[in-house]
Amino acid sequence: MTRSLWIDEKGRATSGGIGESMLALIRELYPVGRSITGPGLRVTVARLSEIVPLQVTEVPSGSRVFDWTVPDEWSVEEAYIETADGRRVVDMKDSNLHVVGYSVPVEAEMTLAELRPHLHSLPGHPDWIPYRTSYYSPNWGFCLTDRVLQSLAEGRYRVVIRSRLAPGSLTLAEYVHPGETAEEVLVFAHDCHPSLANDNLSGLAVAINLAAFLRSRRTRYTYRFVFAPATIGSITWLATNESALHRIRHGLVLSLLGDKGPLHYKVTRAGDQAIDRAAWHVLSTEFPGSKKVDFLPWGYDERQFGSPGVNLAVGRITRTPNGEFPEYHTSADNPDFLSAESLAESWLACLKVLEALDGDARYINTQPKGEPQLGRRGLYRSTGGHQDVPERQLALLWVLNQSDGMHSLLDIAERSRLPFRVISEAAADLERAGLLTPAG
Amino acid sequence: MTRSLWIDEKGRATSGGIGESMLALIRELYPVGRSITGPGLRVTVARLSEIVPLQVTEVPSGSRVFDWTVPDEWSVEEAYIETADGRRVVDMKDSNLHVVGYSVPVEAEMTLAELRPHLHSLPGHPDWIPYRTSYYSPNWGFCLTDRVLQSLAEGRYRVVIRSRLAPGSLTLAEYVHPGETAEEVLVFAHDCHPSLANDNLSGLAVAINLAAFLRSRRTRYTYRFVFAPATIGSITWLATNESALHRIRHGLVLSLLGDKGPLHYKVTRAGDQAIDRAAWHVLSTEFPGSKKVDFLPWGYDERQFGSPGVNLAVGRITRTPNGEFPEYHTSADNPDFLSAESLAESWLACLKVLEALDGDARYINTQPKGEPQLGRRGLYRSTGGHQDVPERQLALLWVLNQSDGMHSLLDIAERSRLPFRVISEAAADLERAGLLTPAG
Amino acid sequence: MTRSLWIDEKGRATSGGIGESMLALIRELYPVGRSITGPGLRVTVARLSEIVPLQVTEVPSGSRVFDWTVPDEWSVEEAYIETADGRRVVDMKDSNLHVVGYSVPVEAEMTLAELRPHLHSLPGHPDWIPYRTSYYSPNWGFCLTDRVLQSLAEGRYRVVIRSRLAPGSLTLAEYVHPGETAEEVLVFAHDCHPSLANDNLSGLAVAINLAAFLRSRRTRYTYRFVFAPATIGSITWLATNESALHRIRHGLVLSLLGDKGPLHYKVTRAGDQAIDRAAWHVLSTEFPGSKKVDFLPWGYDERQFGSPGVNLAVGRITRTPNGEFPEYHTSADNPDFLSAESLAESWLACLKVLEALDGDARYINTQPKGEPQLGRRGLYRSTGGHQDVPERQLALLWVLNQSDGMHSLLDIAERSRLPFRVISEAAADLERAGLLTPAG
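In order, the protein sequences belong to chains A, B and C.
The numbering used here puts the first sequence at residues 46 to 485.
The numbering used here puts the second sequence at residues 46 to 485.
The numbering used here puts the third sequence at residues 46 to 485.
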């Protein structure tokens, strides 16, 4: 039996609504101060759990994970810079980005010259606050707009960061949707960035809504959604789940999915895996303007999944890639930078990629000599001589022509340049008519 | 011994004459009312047999051919629409296209509103009559210019189609030119279209003239020319010749060869067969502007030859492909739409493709260490230092360089981008000089 | 241990000086009258031996070399054309190019009409003298500017060529730089052209200076530099060294390296050898504007190395290829046509190609699960969140990601599009940090 397609015309129509709902979730989570460990991460995971219940694992500080060690947990209560006369010129209350992530505690008076090496700004974007961290090198610092930095008078400043670095744990969260087989599709989104909307509240919103959608569907694959901090989080997850990694057949890293740029698919390390073919087929045929990007060991957690000792077939879907839009890693990456339409389109694209992956199968044409007579089975228009052929009939002909047991529906969709859905529906019609039977 | 090339400079010069002769044949056969069965088909085959004697096979109505059944034979005596006052507004006497192919008999009076669902016109081309058929669904209808359709007044009309649908047979015709081996090259042209010139009187004219040319030549392959109706005809031929199909090594479907567009080669289902390479090499090097088209299970009888249970390496040569010129399947596809030059060029191109296929062979360079000294054998100019190298000498160097038993003349022609004929002539010269010997 | 890179920043800075020095050598050797045998060839080889001592081999006239025979040795004392009143209108003293190479002796009076078939000029470039030879067909002739040719009055002329064709020998010269292995890289430059600067004094200058550079370096491969006449010289060298050819793994023909055009790499006969990949990687990433040219059995001695019975992986580096600049094989190809910058760049490009070939190796990432923590090893900047990644850090990530024992440094350089040197330096850093170990 051909697997039912998940997204019908009606499903597509609702995607407008889902975009607004994702944007609302992003606005809600935007003010939370996240880092690679700590309370902000737990608040975020708890909110996502209201949509789809996530299983949370806390990995203690000091745990060895591959070449790394889970760091102490970091939290920060307040952080500000005051002038000698008590005026706060920079205050974390205004933006989580003001304090460099993992800053060690400090409470001191110093001159502007002494303070300056600890201040980060963006001269090219004088009204934006940059995002900086120092996870593994004990340090402290403030990020501020260049306009404020330039306005600071010489003199003495009081500098306060009330942070805490102490043994605690790193928070992992996941949801598993069981399928017909134990073979898994991994969907990963990093959740450690503080008040940045595209990076990666957009990825969290799309991933949790993919999980919510699949929850009520029958699927061939088992789907595993993992939410974890970037780099140390995916490494921790890989190290603590090493014995189960062999089940993962395909995977996607999701991030930067709310800006108005075109969709970008970054291929797996091998570059020619099923997920690469499914993703690029769907994006190139159904989302005009999409771009394919080569693998590069730089970016997000695809770097870890694609390391030589892990080597999972994990691709990445973003809209504009990291570093290629000026708002990246600045205070300008806020909810107003995103659009509900982009989020909805990203969600739909991801779903269609998973649909193509899940619904791919090989069939055998039961009447392989010449074309079968589709007309008498009601699958073909009865008058002949027309100049063109409808896409639907062309799909029937393609599926019949290529279904020799060697070509899967995705192969056929790729060769015909017809959307996977059209090919898949044609296969379903042909199977109903007795002209197609599953291979093997 | 290198096989002699078929087409010399003199042969090329005569191709102008062959174009005129093919166009005359097309004008003669244009008025004949053909369909997938019936008397028009037999008249056409009889006329082609005057050029090269064809062996005719009649396959009875009702015969099971793969998934299909040979239909009843159809003939039509007259077909017209009359106004209440006896004025004939549409009459098959003016054009065979006026009656929908395989229309069932009708003799009735009806209102324009009742008649209208049976009328077919082309609003975008108000002076052209479209071509429509209804082979497998009992129906009747008329095709007419949109100008006439729009001029019809409300009122009652008398509708007459004196057709006959009765057990008879489907007509197949073929000619076999025996070669040195039993391995066959199939050349197929469909012959079922009524008064349409490019589709496919042009294909018939080119195919029968290729047969006439080869008749007096010694060839390596056996050449089988088949003339049959589209779809049901090729299916009938395949089904009734199934046990002999294994002899077919290469094939070409010929159609749409008289318009002024560039030559198009449509690759076989596999896309990388010897016929694909020979055809595209010849077209791309010798017929500038030619285009290569991917396989698509839509078009002409390459669909049947390329079905998974038949899977013969059959490509297709046309000029402008089906559906890509507005005159396609309309009364505007008449002899005036064709040119003798195009027909002659198509014939020459097909012949050169067959020549490259037939003349391909592997050789061994007998002096493979360094270049042999061509000068002392009279194969190389005696002065050195020139800025360029003549094509003929370059061909000698290419053949010597690549003739290691692994590369055939077609391989060498492809890599060097020199015409096959030039490479083939160089091989003949080198063999005469003792520098080349057949491989294997 | 990673092999040390040859060319440091300082080495690059000196390449200006090397260009001037090569141009001076070319000016010095330009007036020498060379041919495929004879005294000019020995003078040239003796001068090159002052830079790097060459081993000279004389192969006697009449020796059978593959399909060829070493010709008699040719020398010419004087050659001129005089008018009846004793005015010399063409005189070899003015340019070696005036006499057709290998002209037989002549001393005769004749009319202009009788003389004319022996005169060669370039009507399109009336002030340039062409270069012509007649090595294997006994003949004589003069090359002259078309302006002089057109000015010759009817009447009688005295024609004198005091040349000598007699048993002697053909001169081969080579230098071997021993490496860690007996596997060889062949560098070949033809040395038979008379007063032509780009063709091929430029190739001689670059080749001898590559030899001089490598002389003091430790290399993996053994490097064999061969200087010999074109065609008959490479054939003679191949025939007399046949039993040792199996040691040659890679090779380059060097010629036309001083003009201002972009660098061109002509691939080996197979087109996909290590030398092809190293050369094109270096040229395409470090020498913008470089072009890759397909193999063609026409050009220089790559034709002989790429003949089917020899079949060595020898590519070719030139700037503008033979025949593609108007000065080619004319008196306009003189030292003023060359630039020291072009010569220096050619030398550097060749050296970098050899460096990539010699330094290529496979490694294993010792921490292959996820990325190793580079920060604590001082290999990574300590602050996070930046928009971009420095090339050097990207190279570290690429080497770690791809070092699974299957990919060599050249593979990684090709895939990352980073210069080989940057990848090679990253590998050295990682090996020092214990993160990389040689494969196999």
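In case anyone wonders, no lab produced these hints; they're calculated from the structure.
For glycine and all other residues, C-beta sits at the position ideal for the given N, C-alpha and C.
You may find that some hints are simply not true.
[What the hints assert, rightly or not] DSS-like mimics (lysine-lysine), calculated; alpha carbons at most 30 Å apart, straight line: (1) 305/C / 336/B; (2) 305/B / 336/B; (3) 337/A / 336/C; (4) 336/C / 336/B; (5) 336/A / 336/C; (6) 337/A / 336/B; (7) 337/A / 337/C; (8) 305/B / 337/B; (9) 337/C / 305/C; (10) 337/C / 336/A; (11) 336/B / 336/A; (12) 305/C / 336/C; (13) 305/C / 337/B; (14) 305/A / 337/A; (15) 305/A / 336/A; (16) 337/A / 337/B; (17) 336/B / 337/C.
[As the list claims (entries may be wrong)] Chain A is faced by these chain C residues, among others (derived, beta-carbon under 10 Å): (18) 285; (19) 414; (20) 416; (21) 418; (22) 421; (23) 428; (24) 433; (25) 438; (26) 446; (27) 449; (28) 450; (29) 453; (30) 460.
A quick look at each hint next to the structure:
no., hint, in the structure
1, 305/C / 336/B, "violated, 38 Å"
2, 305/B / 336/B, "holds, 14 Å"
3, 337/A / 336/C, "holds, 26 Å"
4, 336/C / 336/B, "holds, 27 Å"
5, 336/A / 336/C, "holds, 27 Å"
6, 337/A / 336/B, "holds, 27 Å"
7, 337/A / 337/C, "holds, 26 Å"
8, 305/B / 337/B, "holds, 17 Å"
9, 337/C / 305/C, "holds, 17 Å"
10, 337/C / 336/A, "holds, 27 Å"
11, 336/B / 336/A, "holds, 27 Å"
12, 305/C / 336/C, "holds, 14 Å"
13, 305/C / 337/B, "violated, 39 Å"
14, 305/A / 337/A, "holds, 17 Å"
15, 305/A / 336/A, "holds, 14 Å"
16, 337/A / 337/B, "holds, 26 Å"
17, 336/B / 337/C, "holds, 26 Å"
18, 285, "violated, 48 Å"
19, 414, "holds, 4 Å"
20, 416, "holds, 6 Å"
21, 418, "holds, 5 Å"
22, 421, "holds, 6 Å"
23, 428, "holds, 5 Å"
24, 433, "holds, 6 Å"
25, 438, "holds, 8 Å"
26, 446, "holds, 4 Å"
27, 449, "holds, 4 Å"
28, 450, "holds, 9 Å"
29, 453, "violated, 14 Å"
30, 460, "holds, 8 Å"
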